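2 protein chains.
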Amino acid sequence: MPQYTIGLDYGTNSVRALLVSVDTGKEIASSVFQYRHGKAGILLDPRDPDVARQHPRDYLDGAESVIKGVLAQAKNQAGFSPSQVIGLGVDTTGSTPIPVDANGTPLAFYAELDTNLAAMAVLWKDHTGHQEAAEITELAAKIRPEYLKKCGGIYSAEWFWAKILHNARSTPDVFAKAYTWVEHADWLPAVLTDESHPTKLKRCICAAGHKAMFHKDWGGYPDAEFLSQLDERLVKVRATLPDHAYHVGESAGHLCPEWAARTGLTAGIAVSVGAFDAHLGGVGSGITPGALVKNIGTSTCDMMVAPLESGMADIPGLCGIVPESILPGFFGLEAGQSAVGDIFNWFVGEVQPGKLGHVELTAAAEALKPGESGLIALDWHNGNRTVLVDQRLTGGVIGLTLQTTPAELYRAWVEATAFGARVIMERFEEYGQSVERIINCGGIAAKNPMVMQIYADVMGRPVSISGSTQTAALGSAISGAVAAGAFPDFASGMAKMTSLNPRIFTPDPQSQRVYNELYKLYHRLHDAFGVKGESDDLSDVMKKLLALRDEVRNA
Amino acid sequence: MPQYTIGLDYGTNSVRALLVSVDTGKEIASSVFQYRHGKAGILLDPRDPDVARQHPRDYLDGAESVIKGVLAQAKNQAGFSPSQVIGLGVDTTGSTPIPVDANGTPLAFYAELDTNLAAMAVLWKDHTGHQEAAEITELAAKIRPEYLKKCGGIYSAEWFWAKILHNARSTPDVFAKAYTWVEHADWLPAVLTDESHPTKLKRCICAAGHKAMFHKDWGGYPDAEFLSQLDERLVKVRATLPDHAYHVGESAGHLCPEWAARTGLTAGIAVSVGAFDAHLGGVGSGITPGALVKNIGTSTCDMMVAPLESGMADIPGLCGIVPESILPGFFGLEAGQSAVGDIFNWFVGEVQPGKLGHVELTAAAEALKPGESGLIALDWHNGNRTVLVDQRLTGGVIGLTLQTTPAELYRAWVEATAFGARVIMERFEEYGQSVERIINCGGIAAKNPMVMQIYADVMGRPVSISGSTQTAALGSAISGAVAAGAFPDFASGMAKMTSLNPRIFTPDPQSQRVYNELYKLYHRLHDAFGVKGESDDLSDVMKKLLALRDEVRNA
Chain H
1 MPQYTIGLDY
11 GTNSVRALLV
21 SVDTGKEIAS
31 SVFQYRHGKA
41 GILLDPRDPD
51 VARQHPRDYL
61 DGAESVIKGV
71 LAQAKNQAGF
81 SPSQVIGLGV
91 DTTGSTPIPV
101 DANGTPLAFY
111 AELDTNLAAM
121 AVLWKDHTGH
131 QEAAEITELA
141 AKIRPEYLKK
151 CGGIYSAEWF
161 WAKILHNARS
171 TPDVFAKAYT
181 WVEHADWLPA
191 VLTDESHPTK
201 LKRCICAAGH
211 KAMFHKDWGG
221 YPDAEFLSQL
231 DERLVKVRAT
241 LPDHAYHVGE
251 SAGHLCPEWA
261 ARTGLTAGIA
271 VSVGAFDAHL
281 GGVGSGITPG
291 ALVKNIGTST
301 CDMMVAPLES
311 GMADIPGLCG
321 IVPESILPGF
331 FGLEAGQSAV
341 GDIFNWFVGE
351 VQPGKLGHVE
361 LTAAAEALKP
371 GESGLIALDW
381 HNGNRTVLVD
391 QRLTGGVIGL
401 TLQTTPAELY
411 RAWVEATAFG
421 ARVIMERFEE
431 YGQSVERIIN
441 CGGIAAKNPM
451 VMQIYADVMG
461 RPVSISGSTQ
471 TAALGSAISG
481 AVAAGAFPDF
491 ASGMAKMTSL
501 NPRIFTPDPQ
511 SQRVYNELYK
521 LYHRLHDAFG
531 VKGESDDLSD
541 VMKKLLALRD
551 EVRNA
Chain C
1 MPQYTIGLDY
11 GTNSVRALLV
21 SVDTGKEIAS
31 SVFQYRHGKA
41 GILLDPRDPD
51 VARQHPRDYL
61 DGAESVIKGV
71 LAQAKNQAGF
81 SPSQVIGLGV
91 DTTGSTPIPV
101 DANGTPLAFY
111 AELDTNLAAM
121 AVLWKDHTGH
131 QEAAEITELA
141 AKIRPEYLKK
151 CGGIYSAEWF
161 WAKILHNARS
171 TPDVFAKAYT
181 WVEHADWLPA
191 VLTDESHPTK
201 LKRCICAAGH
211 KAMFHKDWGG
221 YPDAEFLSQL
231 DERLVKVRAT
241 LPDHAYHVGE
251 SAGHLCPEWA
261 ARTGLTAGIA
271 VSVGAFDAHL
281 GGVGSGITPG
291 ALVKNIGTST
301 CDMMVAPLES
311 GMADIPGLCG
321 IVPESILPGF
331 FGLEAGQSAV
341 GDIFNWFVGE
351 VQPGKLGHVE
361 LTAAAEALKP
371 GESGLIALDW
381 HNGNRTVLVD
391 QRLTGGVIGL
401 TLQTTPAELY
411 RAWVEATAFG
421 ARVIMERFEE
431 YGQSVERIIN
441 CGGIAAKNPM
451 VMQIYADVMG
461 RPVSISGSTQ
471 TAALGSAISG
481 AVAAGAFPDF
491 ASGMAKMTSL
501 NPRIFTPDPQ
511 SQRVYNELYK
521 LYHRLHDAFG
531 VKGESDDLSD
541 VMKKLLALRD
551 EVRNA
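Protein sequences, first through last, are from chains H and C. The letter at position 91 of the first sequence is residue 91 when you use the numbering used here, and the numbering goes up by one with no holes. The letter at position 236 of the second sequence is residue 236 when you use the numbering used here, and the numbering goes up by one with no holes.
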């Protein structure tokens, strides 16, 4: 009898369910629910562009809708019955903490707080806590430098403690009503299994380790002395947090009768501990040691895993190195580029002639040879997440002439993001994480072969594309299968349930040669503008670009 | 009885006549003739984009047409008679040498050479001699370094000897038919006065000094030893050239009966020695010591004059320092920016959304405060003419974010050209040429007040705009009046015949403060990318731009 699992993938604007065959990885059905509150699911504050909140009601309404949706679709298929669904996994955005009461009920579910922004889930991209984040970084640098080493040296406004501290400072009345704060990725599996009471709730290592400074080296979450120097009230929150965190694939519990009734699934099936979408996207891409998985969207999440027994030095500039955050038994290593698709969209939507879209610009850019534009660009329009960890860097381009075309600029931005990706790869390798191949997932990977070939040529590695276009949801389905005991471990689960697109992008030696030259120039600009204390004579840079241009054009 | 003169202004695509009152400078009539040969008056070679030639027939047909044109227009005005026209001045593009036979007849006038590109006038922007120009620079650097010092250190492909040498090398048969080569600016007055026989023809110091390495320090044109090392055949050309060159305002002769008959003017009236359009544009703008005259078009020509008795050190990086090239009694100093309007046109025509033209972008850019975009750009899309004298530099911009708008980019390009203009101004001042005020002329000056205000704010000087929109033609008319003896000197001629627009753009102290900060950053990028041996830690540049941006936005 075939078995199935469901992956629930909570994105920024919607939640998706993916029903997958445990035996083959075949994606049987998919259903999407757009969050109902706010603008495209996000509650905004017209007076403060930093605000981005969500109503947790949408998470529950969405879960019911999309699970029902996939079951309804699959019922039309011969031989399928909901009773064959043996498990469920969940991924969400993060850090997206939700304030809850002593019973684990979100404050947003109280009638009097139903429209109060301070009671809502604080979406990952909410930046209201930037002042508090700076304060946390400063204090940690002074008294707990080890806290910063696992998260790249700078605590972000997008993370757990900054958001909670900001809530305490800016809306103390609402803050006082919260017993504790729960990540969306932890809360959702807990609700489905009726384990959401704070004393029972399991928290995942993925959120705790990457966003909340949790590490076993210092006994879990940050200590009370540290938190008290930020705000006494954080010590009370700390007291509600457990000393242990769970990895994905461990059981969060069993689907409770209420949710079985709401969805049509069988009560008692396994629900996995949750994780962040990017990380389960790594799982859905079949991440293994030696593979760099790049989830390329508006920005990127770059992931590697390394066996726990290998030991692991801190790698400066990475977003996080957390034991078992991506896969049990492995360190999860996370890096990222702050803007990739966002840069292409900015150029197409804001800067260049309205007539040319991505398709036309890609076609024209593809006809160009590497180096022939004489351009080189910096991909820092949204700062640099890895390896410089500096949000106050900006994008740039040099090599402009009166003949420079939009297609040349478009290609230069693509190349810049590839150079940025190579810097990250080289940082991994410098610290012993050899990158043998690259697996790209996300919309751009599937849609734009030119971008993939440029990545292969710039990075000098074969580039594969995930066989699924919904890798996060697929990864969640795999975690559900592991939690259900269908596989002894993720390796065997991924072997059965993931695939790669048969087309592999292989580096072209001629392009590689040119890109190696351009990368040297990129790296010099990277260091000149990005690294304090670096000084360089850049007077040869424009000339080298022109010499390369002339050489390529006359070849 | 009111008196009038005519200025003939030969541009790249057309010739214009301007009929002007000697007593008031009032522009009575204006007439334009589009050259008939080639594409918009330029003979091209589809196999070689460097070729740009003109048929000298167009110069004569044009002269007849536009002089008749202004006389016909003016005849409708009460009291005007062609006999009141007392003189004529001529300006042309340059260096635009024409091969002529031993009688001074252009080779192009021979029936068998009528369509031979090698027999045509070699238009200023013809770049076929780039190899020869490099050769001349190299040889001069080795054995005649003094030749280079008066022309900024690099001999250009756009200049006299490079063009002649290229003709000798590439088309020896046509070259052999030429007795000598005559600049368009010298040939035209010579034809009008029937003094075009090579033994009689007067050559102007403007063309000789700025483009043909003529200087009295070394007895005029380059010596035979130097030329023979380039090509023996140049020695024969050198032998046809005089040892003396004339300045504008000196008489080229008197209008000959043939041309009096062709045009309707009175035979015997004065015709001035010619000069280049930009320089007579300086005259038409009322150039005086202490004023920097900027002729702003697709590129700029920046001019100053300094009394001959002041002595004059060589100023590194200037295009030329030539006694009496602009005004008799004064050194003429020429600098320039390789692209200004061309950059704005490139951005509007090539890069940004089709919906926004110069008018819309200017309106949006004008609403921005200095510094608020966080951008800084380099204006080197066509290389850097002054002070770096380096055609292999390219444009750039940094400070880009995902919110960067086309209007911000447009303003950044305008500001970049203003910063480039300030570098030139500071170079003048560094060598004792104090700039008290700026006079802008050319189309952009008249059309775009935002650009003028930004120039005032960046350069910290009051900026005036020439009262005439045809300053070159007006300058020629003044030279005709001086040659006719209507004025004892140019100072009194300019006082009567030129004017400034009453609107003066005064630096705004608040904008100046911000631009002083931005200029520091521009200068650091200028030196980092443009000056060999400069090394700088640029890691604070993007942050300073953002800090300035935030400060300005929150002010």
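Incorrect hints may have been included.
Some chain H residues close to chain C (C-beta under 10 Å, calculated; not the full set) [to be verified]:
id : residue
1  : H37
2  : G41
3  : W346
4  : G396
5  : A491
6  : A495
To spell it out: a stretch of chain H is covered by chain C in this simulated footprint if at least three of its residues, at any positions, have a beta carbon under 8 Å from a beta carbon of chain C; those stretches are [said to hold, decoys possible]:
id : stretch
7  : 263–269
8  : 278–286
9  : 300–306
10 : 352–364
Hints were generated in silico from the structure; no laboratory data involved. This structure is a prediction, so every number in the text was calculated from the model and none was measured. Idealized CB from N, CA, C, for every residue including glycine.
Query raised in the report: Would the stated hint for H/G41 survive a check requiring a Cβ distance to chain C of less than 10 Å?
Result: violated (21 Å)
Query raised in the report: If you take the shortest Cβ to Cβ gap from H/W346 to chain C, is it below 10 Å?
Result: holds (5 Å)
Report task. Establish whether the coverage given for the stretch 278–286 of chain H by chain C is satisfied; the threshold is a Cβ-Cβ distance below 8 Å, and no fewer than three residues must meet it. Result -> It is violated, with 0 qualifying residues against the three required.
**Report entry** Coverage of the stretch 352–364 of chain H by chain C, judged on three or more residues with CB within 8 Å
**Finding:** Check passed, 4 qualifying residues.
Query raised in the report: Is the shortest C-beta separation between H/H37 and chain C less than 10 Å?
Result: violated (25 Å)
Query - Assertion that chain C covers the stretch 263–269 of chain H - criterion: three or more residues, beta-carbon distance below 8 Å - result: Not satisfied, violated; 0 residues make the cut.
Query raised in the report: Are H/G396 and chain C close enough, Cβ to Cβ, to be under 10 Å, as the hint says?
Result: holds (3 Å)
Query raised in the report: Counting residues of the stretch 300–306 of chain H that have a beta-carbon nearer than 8 Å to any beta-carbon of chain C, does the count reach 3?
Result: violated (count 0)
Query raised in the report: Is the shortest C-beta separation between H/A495 and chain C less than 10 Å?
Result: Violated, about 39 Å.
Report task. So, H/A491 near chain C? Judge it on the closest CB pair being under 10 Å. Result -> This interface hint is violated because 39 Å lies over the 10 Å limit.
In summary, the numbered hints that this structure violates are 1, 2, 5, 6, 7, 8 and 9.
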